[in-house]
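Since chain A is already given, all that's left is putting chain B on it; use the hints.
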Amino acid sequence: MLGKLIKYDFMATARTFLPLYGALIALSAVNRVLFALGLAVPSIVGTTVSSILIAAICVVTLVLTIQRFSRNLLGREGYLMFTLPVSVDWLIVSKAIVSAVWFIAGGAVMALSILVMAAREFDFQQFLAGLSEVFQVLADLGPHGGLFITEGVIFGILAILSGVLLIYACISLSMLAGRHRGLLSFGWFVGFTIVGQILMAWLISGARSANFIAWLDAMKGATAAHVFMLIFIAANLLICAVFYFITRFMLSRKLNLE
Amino acid sequence: MNPILSCEQLTKTFGSKTALAGVDLNIERGRIVGLLGPNGSGKTTLMKLANGLITPTSGRLLIDGEAPGTHSKAVVSYLPEVTYLADWMRTSDVLEFFRDFYKDFDMERALSMLKNLGIGLREPLRSMSKGTREKVQLILVMARRASLYLLDEPIGGVDPAARDYILSTIIGNYEPQSAVVISTHLISDVEKVLDDVVFINNGKIVLSSTVDEIREVKGMSVDALFREVFRC
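Chains A and B, in that order, give the protein sequences. In terms of our numbering, the first sequence opens at residue 34 and continues consecutively. In terms of our numbering, the second sequence opens at residue -16 and continues consecutively.
In case anyone wonders, no lab produced these hints; they're calculated from the structure. Where a beta carbon is used, it is the ideal one built from N, C-alpha and C, also for glycine. It is possible that some hints are incorrect.
Sample of chain A residues at the chain B side, in silico, Cβ under 7 Å [as the list claims (entries may be wrong)]: (1) Lys37; (2) Arg109; (3) Glu110; (4) Phe115; (5) Thr116; (6) Leu117; (7) Pro118; (8) Ser120; (9) Trp123; (10) Val126; (11) Leu288.
Okay, the calculated beta carbon distance ranges per label pair [what the hints assert, rightly or not]: (12) A:Ser120 to B:Thr40: 21 to 27 Å; (13) B:Glu158 to A:Phe282: 35 to 41 Å; (14) A:Ala210 to B:His54: 31 to 37 Å; (15) A:Lys287 to B:Arg198: 40 to 46 Å; (16) B:His54 to A:Ala56: 45 to 51 Å; (17) A:Phe278 to B:Ser112: 40 to 46 Å; (18) B:Arg198 to A:Ala210: 31 to 37 Å; (19) A:Thr81 to B:Leu104: 50 to 56 Å.
Chain A residues, not near chain B, derived (Cβ > 12 Å throughout) [as the list claims (entries may be wrong)]: (20) Met44; (21) Leu174; (22) Thr183; (23) Ser242; (24) Ala267; (25) Leu290.
Just chain A, with the same shape it has in the complex (with noise of 0.2 Å):
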């Protein structure tokens, strides 16, 4: 069930991102013709709508990551949703993958974008030994190397799943007004933010006093770097839990659809 609300979900999502994709990429190949020609005024009119298309990969992104949550589950259609034979959890797990999996794919079709256009005279050979090198200092570290990609990698999802699931949080939350959900779900969001900067400074000056740079720099190196990377893997998995739980709790509890 959980593949088939992801399958619908991506239907419902890919007629936006992929002509945008597609549009980006496409001036961009056109850009980096303009550029050889040496054209002047096209190249900086070519630049200036990429650059806008990549703004609007952004705000998209994030348009869509609140309307499919807003709208598909507490809105009118959120009729049909909670009345499939799937949890609630299905839903809200469905629903954060696809948007996590957008924010992956608009971040690497901006890289790609920006590669094509800043590489005026691309060149493979380079572009390998290069690959090669950061391969070369990956194996020098040895099995740390993987590791820290691992680590990388893990961190990196959970961070645009916290803020996914912090986006849920906040939303579900504005159920408990009759009107004005959106202000509301925006007023969580900045307690929420306000409250995390505070915890944050807290943790900091609570670190010090404990001697605990001290005891990360008797560490090895990158024992110490270890170390660093799951605490970072940890708190961001702490966070998902906390919104994940808030989401669950108001769409299992306190359903209030429009």
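Chain B in isolation, oriented as in the chain A frame:
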């Protein structure tokens, strides 16, 4: 056999407002039941509780012996008051959607009903009138071989000619071992198809009876009795 739907002292409050107050009700299999009451009487609240869209404040509601959950949702076919289909989908997409999620969805039955009403499979829901969308939704709901059909105001938004088609669709498609609950205030239209009626007012059941009993004992139609009970 246990009733397909049963409520015991079911109560739901929204803040200081009581929507349902201690409702005791059993819906038996094989019956078509009219849930009748004026606007704001608690009909939709009862429907939402039965679908697990809201949770009771106190008391309990069981579907097929279980509290609303994944199991009950697999055996209940619900038609809400609102149009709940995403407008980016085509008729063929929503058919696929129902087949994917409901094991009891009968594709052939849905296709034949769509054909009867001349609704195209490639037609996007966006371009349909509100009435046509409501018909698509009713077809999807009635094409399931469910144990309990909960229809909230199924004829409220359509013209009288379509009402007859919808009612004959309901009668022609429900399974003999299933129950149908129709909530409405358009009683004269649905009266002819009902086996039982439940009158609800201010969140309380004020009368629960078979239609035959009303006709024989009270000597009046359900519509006439409704007007008498709910006289303003």
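When the nearest CB of chain B is found for Val126 (chain A), is that gap smaller than 7 Å?
-> Hint on Val126 (chain A): violated, closest Cβ of chain B at ~15 Å, above 7 Å.
With 7 Å as the cut and Cβ atoms as the points, is Glu110 (chain A) at the interface with chain B?
-> Given a least distance of 6 Å, the restraint on Glu110 (chain A) holds.
Leu174 (chain A): least C-beta distance to chain B exceeds 12 Å?
-> With a cut-off of 12 Å, Leu174 (chain A) remains clear of chain B, as the shortest Cβ separation is near 46 Å.
Met44 (chain A) remote from chain B - nearest C-beta pair above 12 Å = 8 Å, violated
Chain B contact restraint for Thr116 (chain A) - C-beta distance below 7 Å | 5 Å, holds
If you take the shortest Cβ to Cβ gap from Leu117 (chain A) to chain B, is it below 7 Å?
-> Check passed: Cβ of Leu117 (chain A) comes within 5 Å of chain B, closer than 7 Å.
Distance restraint hint 21 to 27 Å, applied to the beta-carbon atoms of Ser120 (chain A) and Thr40 (chain B) = With Cβ atoms ~23 Å apart, the hint holds.
Does the CB of Ser120 (chain A) sit less than 7 Å away from some CB of chain B?
-> 6 Å, holds
Would you check whether Lys37 (chain A) satisfies its interface hint, that is, whether its CB is within less than 7 Å of any CB in chain B?
-> Holds, about 5 Å.
Does the interface hint hold: is Phe115 (chain A) within less than 7 Å of chain B, judged Cβ to Cβ?
-> Holds. Min distance 6 Å.
No chain B beta carbon within 12 Å of Ser242 (chain A)'s | The claim holds: Ser242 (chain A) sits with its nearest Cβ about 46 Å from chain B, beyond 12 Å.
Mind checking the CB of Arg109 (chain A) against every CB in chain B and telling me if the closest is under 7 Å?
-> 5 Å, holds
Checked against the numbered hints above, the structure violates hints 9, 10, 18, 19, 20 and 25; every other hint is satisfied.
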